[in-house]
Amino acid sequence: SQQGEEDPQALSIQEGENATMNCSYKTSINNLQWYRQNSGRGLVHLILIRSNEREKHSGRLRVTLDTSKKSSSLLITASRAADTASYFCATVHMDSNYQLIWGAGTKLIIKP
Amino acid sequence: NAGVTQTPKFQVLKTGQSMTLQCAQDMNHEYMSWYRQDPGMGLRLIHYSVGAGITDQGEVPNGYNVSRSTTEDFPLRLLSAAPSQTSVYFCASRFGNTIYFGEGSWLTVV
Numbered sequence: 001s002q003q004g005e006e007d008p009q010a011l012s013i014q015e016g017e018n019a020t021m022n023c024s025y026k027t028s029i030n031n032l033q034w035y036r037q038n039s040g041r042g043l044v045h046l047i048l049i050r051s052n053e054r055e056k057h058s059g060r061l062r063v064t065l066d067t068s069k070k071s072s073s074l075l076i077t078a079s080r081a082a083d084t085a086s087y088f089c090a091t092v093h094m095d096s097n098y099q100l101i102w103g104a105g106t107k108l109i110i111k112p
Numbered sequence: 001n002a003g004v005t006q007t008p009k010f011q012v013l014k015t016g017q018s019m020t021l022q023c024a025q026d027m028n029h030e031y032m033s034w035y036r037q038d039p040g041m042g043l044r045l046i047h048y049s050v051g052a053g054i055t056d057q058g059e060v061p062n063g064y065n066v067s068r069s070t071t072e073d074f075p076l077r078l079l080s081a082a083p084s085q086t087s088v089y090f091c092a093s094r095f096g097n098t099i100y101f102g103e104g105s106w107l108t109v110v
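Heads up: the sequence lines are chains U and X, in that order. Residue numbers for the first sequence follow the numbering used here, beginning at 1 and rising by one. Residue numbers for the second sequence follow the numbering used here, beginning at 1 and rising by one.
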């Protein structure tokens with residue numbers, strides 16, 4: 001399986017702090033995406049970064065991509081209680097018919 | 001727009017029973033798919049469809065059937081439920097690079 005790996009598996013921080021989670025993958029990608037899943041709900045698309053991009057921002061989210069290390073990081077700045085969720089990375093690989101390959105996720109808990 | 005709607009939300013089945021998870025989308029997306037989500041694992045693709053009348057197998061298709069008679073609907077059938085099929089199932093549609101998920105169906109096979 002080409003399943004990506006995310007770390008940490010779980011992260012607990014105080015409200016207002018920054019949260020960083022990482023994703024690594026095994027083979028060349030077309031793009032990498034981050035999704036959020038609130039407890040008991042479906043996944044929601046957050047941000048996409050293409051293989052020729054190194055950094056992307058969306059509000060309090062910052063995503064970086066290092067294709068030489070086959071890794072990405074998601075930074076959430078000034079965390080809020082509402083950011084408590086699981087975060088998943090998904091990679092699109094050209095050699096897998098453009099299907100998404102999912103990581104196991106990082107469970108983020110923001111303590112008030 | 002309702003987006004992707006899947007039913008039922010919760011279901012308990014006995015081993016050997018069959019059932020259908022329904023999925024409908026109102027965004028006119030050609031691509032639809034079914035995933036299962038198990039603890040500690042990423043989403044795994046069961047079946048997908050790139051348009052009406054076309055379906056294909058994903059990573060874990062055994063024990064499941066799909067059909068795509070219309071653009072809107074993509075039901076998932078469990079032929080003879082097994083405890084290993086206890087999971088959370090997500091239907092999704094895709095436009096470009098973005099996936100839109102339903103709210104999930106929690107299935108327990110006893």
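Hints are supplied without guarantee of correctness; some may be wrong.
Quick partial rundown of chain X residues pointing at chain U, CB under 7 Å, derived from the structure [to be verified]:
(1) 31
(2) 39
(3) 41
(4) 43
(5) 83
(6) 103
(7) 104
Please keep in mind that the hints were generated in silico from the structure rather than gathered at the bench. Beta carbons: idealized from backbone N, C-alpha and C, even for Gly.
Hints, verified against the model:
1. 31: With a minimum Cβ separation of about 10 Å from chain U (threshold 7 Å), the hint on residue 31 of chain X is violated.
2. 39: This interface hint is violated because 9 Å lies over the 7 Å limit.
3. 41: holds (6 Å)
4. 43: It holds, given that the least Cβ distance between residue 43 of chain X and chain U is near 4 Å, below 7 Å.
5. 83: Violated, because the Cβ-Cβ distance from residue 83 of chain X to chain U comes to roughly 22 Å (cut-off 7 Å).
6. 103: holds (5 Å)
7. 104: holds (6 Å)
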